[in-house]
Amino acid sequence: MLVNPQGGVIRNITAHVEGDYPLIDAHASVLDLDKVSLGVEELKRTGNMHDFFKHHVKFNCGTVQPNLAVMQNQIVPCDMTKSSIRFKIEWTARNGRWTQYVELKRKEGGYDFYTAVQRGEEWVFENPLRDSIPQRSDGKPDVFWHTD
Numbered sequence: 001m002l003v004n005p006q007g008g009v010i011r012n013i014t015a016h017v018e019g020d021y022p023l024i025d026a027h028a029s030v031l032d033l034d035k036v037s038l039g040v041e042e043l044k045r046t047g048n049m050h051d052f053f054k055h056h057v058k059f060n061c062g063t064v065q066p067n068l069a070v071m072q073n074q075i076v077p078c079d080m081t082k083s084s085i086r087f088k089i090e091w092t093a094r095n096g097r098w099t100q101y102v103e104l105k106r107k108e109g110g111y112d113f114y115t116a117v118q119r120g121e122e123w124v125f126e127n128p129l130r131d132s133i134p135q136r137s138d139g140k141p142d143v144f145w146h147t148d
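Note that the sequence shown covers residues 1 to 148 in UniProt numbering.
The hints are simulated quantities; they were obtained by calculation from the structure and are not laboratory data.
Be aware that a few hints might be false.
When the alpha-carbon atoms are kept at most 30 angstroms apart in a straight line, the in silico BS3-like pairs for lysine-lysine are as follows [unchecked claim]:
(1) Lys-105 / Lys-82
(2) Lys-35 / Lys-54
(3) Lys-35 / Lys-82
(4) Lys-58 / Lys-44
(5) Lys-82 / Lys-44
(6) Lys-88 / Lys-140
(7) Lys-54 / Lys-105
Restraint ranges, calculated between C-beta atoms of paired labels, are given here [as the list claims (entries may be wrong)]:
(8) Met-80 / Thr-147: 19 to 25 angstroms
(9) Lys-82 / His-146: 18 to 24 angstroms
(10) Asp-34 / Gln-135: 21 to 27 angstroms
(11) Gly-62 / Gln-135: 36 to 42 angstroms
Note that CB positions come from ideal geometry on N, CA and C, so glycine has one too.
Use the sequences and the hints to build the structure in full.
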């Protein structure tokens with residue numbers, strides 16, 4: 001998914017496939033990682049697991065063909081006052097499950113966009129490539145999914 005934050009929401013979200021095969025009956029569940037604690041608080045308060053998922057935005061993408069983008073109508077709220085906006089996206093389709101991580105880092109006039117897709121233990125897609133991401137003092141890429 002590509003994101004473009006404006007006015008406290010992300011609009012014009014697209015789903016696309018990097019690879020040779022389509023995703024059939026693709027669904028995505030997007031969680032703003034800054035809202036995880038809200039879901040936990042709701043669950044503790046009500047005891048209802050559905051309340052934990054109130055802050056997930058769900059997408060039904062249908063069939064997504066390789067190298068073609070599918071525009072989504074939903075919007076994803078985000079806190080644009082933060083220097084970094086972070087999402088975890090759980091993808092499911094007939095042909096498997098993936099987890100996508102997205103981080104937007106504020107810069108003058110906009111955001112730098114970083115994403116990676118993991119299937120099982122394998123990193124199957126990174127944009128930009130890991131070697132192109134600025135590094136922390138420990139030498140690891142400065143994105144939240146590389147904390148180990």
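#### Entry: Range agreement (Cβ of Gln-135 with Cβ of Gly-62, hint 36 to 42 angstroms)
holds (38 angstroms)
### Task
Verify the proposed pairing of Lys-54 with Lys-105, using a straight-line Cα cut of 30 angstroms.
Answer holds: Lys-54 to Lys-105 is near 25 angstroms, not above 30 angstroms.
### Task
Quickly compare the C-alpha distance for Lys-35 and Lys-82 to 30 angstroms and report which way the hint goes.
holds (13 angstroms)
### Query
Holds or violated: Lys-35 with Lys-54, Cα cutoff 30 angstroms?
Distance ~10 angstroms between Lys-35 and Lys-54 Cα, so the pair holds.
### Task
Note whether the CB distance of Lys-82 and His-146 lies within 18 to 24 angstroms or breaks it.
Given about 19 angstroms between the Cβ atoms, the range holds.
### Query
Does the structure keep Lys-88 and Lys-140 at a Cα separation of 30 angstroms or less?
holds (20 angstroms)
### Agreement of Lys-105 and Lys-82 with the hint, judged by alpha carbon distance not exceeding 30 angstroms
holds (9 angstroms)
### Query
How does the Cβ-Cβ distance of Asp-34 and Gln-135 compare with 21 to 27 angstroms: does it lie in that range?
holds (24 angstroms)
### Message
Hinted pair, alpha-carbon criterion (30 angstroms max): Lys-82, Lys-44. Please report holds or violated.
### Response
Since the Cα atoms of Lys-82 and Lys-44 sit roughly 26 angstroms apart, the hinted pair holds (cutoff 30 angstroms).
### Query
Does the Cβ pair Met-80, Thr-147 satisfy 19 to 25 angstroms?
holds (24 angstroms)
### Given pair status - Lys-44, Lys-58, alpha carbons within 30 angstroms
holds (22 angstroms)
Going through the hint list in order, the structure satisfies each hint without exception.
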